[in-house]
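Engineer: Just need the whole structure built from these sequences, with the hints factored in.
Quick note, the sequences are listed as chains A and B, same order. Residue numbers for the first sequence, in numbering that gives the first Met the number 0: 0 to 325. Residue numbers for the second sequence, in numbering that gives the first Met the number 0: 0 to 325.
Hints in this document: simulated from the structure, not taken from any laboratory. For each residue, glycine too, the CB sits at the ideal point set by N, CA and C. Heads up, some of the hints might be wrong.
What the hints assert, rightly or not - Quick list of simulated restraints, FRET-style, between CB atoms: (1) R145(B) with E70(A): 43 to 49 Å; (2) P269(A) with D304(B): 55 to 61 Å; (3) A167(A) with I97(B): 34 to 40 Å; (4) S142(A) with D23(B): 42 to 48 Å; (5) T42(B) with A222(A): 45 to 51 Å; (6) V139(B) with A24(A): 38 to 44 Å.
Protein chains: 2
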Amino acid sequence: MTKTIEILVESDPAQGLGLQIEGDAVSSRCRAAGIAVSVTTNTDPARLAEAARSADVIISNHKFDIGRVKETAPSFAWLQVTSAGVEAYLKTLPDDVILTNASGVHAEKGAEFILASVLMLNYRIPYFASQKVQRAWTPVFESVVRGKTATILGVGAIGGAAVPLLKARGMRVIGVTSRGTTEAPVDACYRLDQISTVLPKTDFLISTLPLTPETEGRIGGEALDLLPHGAGVVVAGRAKVLDYGALAARLESGRLSGAVLDVFPEEPVPADHQIWSVRNLVMTPHCSVDDHAGYIDRCLDIFMDNLPRFLAGEPMRNVVRPEKGY
Amino acid sequence: MTKTIEILVESDPAQGLGLQIEGDAVSSRCRAAGIAVSVTTNTDPARLAEAARSADVIISNHKFDIGRVKETAPSFAWLQVTSAGVEAYLKTLPDDVILTNASGVHAEKGAEFILASVLMLNYRIPYFASQKVQRAWTPVFESVVRGKTATILGVGAIGGAAVPLLKARGMRVIGVTSRGTTEAPVDACYRLDQISTVLPKTDFLISTLPLTPETEGRIGGEALDLLPHGAGVVVAGRAKVLDYGALAARLESGRLSGAVLDVFPEEPVPADHQIWSVRNLVMTPHCSVDDHAGYIDRCLDIFMDNLPRFLAGEPMRNVVRPEKGY
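Structural biologist: See below:
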């Protein structure tokens, strides 16, 4: 007889309405899949260690010290989180706990937002937003995006899903990944250490890169200066991959024609931060890639797909590789 | 022996660099098509009547009093203009001059801008642009456009070309035309006098309507109030179809979530006009639909397609019907 697996659903109310995980939803999905489980729900993060004592698996919507919980939860072997970015989890991840993330859950929205951002940059929306504040009527007649080049740094779930959308508009799409390969239908793919050859032919630079030792601070002023005059920049991954100060200077000077930023080194951005006043910049407050509608359902899709694999000791999807950082 | 047709190329330098028509281009395209023509170019609008005396055909990049020119140019029978909107030409168009416009030349760019605008409205860019000025961090987690409804008022060349782009994003697209029919692949089509049944189910209202007695002022406060709370509005045709004062009030109050306007009742919009300060509004200075790259070439494509038809007395493309106004 198989041991009944114990699942702790860790749902912090502070994460907001759309990000609450319901224990009942997990129970009923497991029942429908014919998998015997015992589900406990904890909504008080301060009581997590206590609630986790006999847990085999934790599904969590918030960050916590995984190593410390593991100390008093010896059978805890798998953590499913509801975010795609996991750098905060990795700091405390013991070797004997599998971490799976929500990568791919944001793919449709993230890809659509990248399409929106490239079109916005092409039609100079960041510039016209600044001109509106100045009450200045200065038409710019841009041609369509057909034939222009978009370079996507980090062709993961979101970047990969954006490729066909951009190609459908007639664009040339270049991928940049750590290994120089991707399964997405890009026109060309380079390694991250080859970006200096890619940037000069890039009209729109899109970063969906995760934050890792390899990517942190990777795109500074020197890299931005390799872009053609008037190029545009989109950041929909992690902010600290780019030097925002260097980016802001090039937006102010007109060296770059515009940027669309959904993520920032400090969030929420403080009201007195100078980035609010940077010209030729569209800012969205870290909400344009995350899709809360049905979000947790889609996270549970990943979890339910993995649960039989976990029980059978088979390879799982969305496993975070600590040595890579994502 | 066929009479050699006389073409006057009327190219006003004041219309800007991208809108100049070169007589040589017309000559060489006619030669390539094996059509004997005599081409004269005039770049001084004040001398138009004199230059037109023996012309059979005029290709013009600017407005003029067609009736007055016709008085001293008895064989003048066809005017090709380089704009899609022709309400200013219709006022002086005699019955015996055929007017053809540039409708369709803007289709690719106009359709792409409509796609961009709908995505911007969905991702609340007009709102976030206002919030940036206020230095306010207020995330809004919108779902993708899939399943939402775009209603296009005026399914002509631009509106029609936008339909497949919006449907490719999984949207429901409703067309509204004067006759209630269209060849574009919409999900449903209604007559303009039926809009009150369409507006309540519209998430994004897009007007590409020409300005005619039937359309002028058609979308006032009453019509806007039939839209669902939080709907968005795009205007890429003629501004006077909508009541911009009523629209502005509903953007300020939050009754509508945002608007993208490329056209205005008075252009350029004066610096002291109150519309510059309206919240939740993206303004582009009448440049997002017009595509100057290769623009005149594409106008000449229409002209060259029509020239043999004109000579043979056959039905022509893009003929403006004065009774309809477009």
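Engineer: Would you mind marking each hint as holding or not holding in the structure?
Structural biologist: So, going through the hints one by one against the coordinates:
Checking the proposed 43 to 49 Å range against R145(B) and E70(A) shows it holds: the Cβ atoms sit about 45 Å from each other. A beta carbon spacing of about 59 Å between P269(A) and D304(B) agrees with the range 55 to 61 Å that was offered as a hint. At roughly 38 Å, the beta-carbon separation of A167(A) and I97(B) lies within the given 34 to 40 Å, and the hint holds. S142(A) and D23(B) have their C-beta atoms about 23 Å apart, which leaves the hinted 42 to 48 Å range violated.
Our hint of 45 to 51 Å for T42(B) and A222(A) holds, since their Cβ atoms are close to 47 Å apart. Under the hint 38 to 44 Å, the C-beta atoms of V139(B) and A24(A), about 25 Å apart, miss the expected range.
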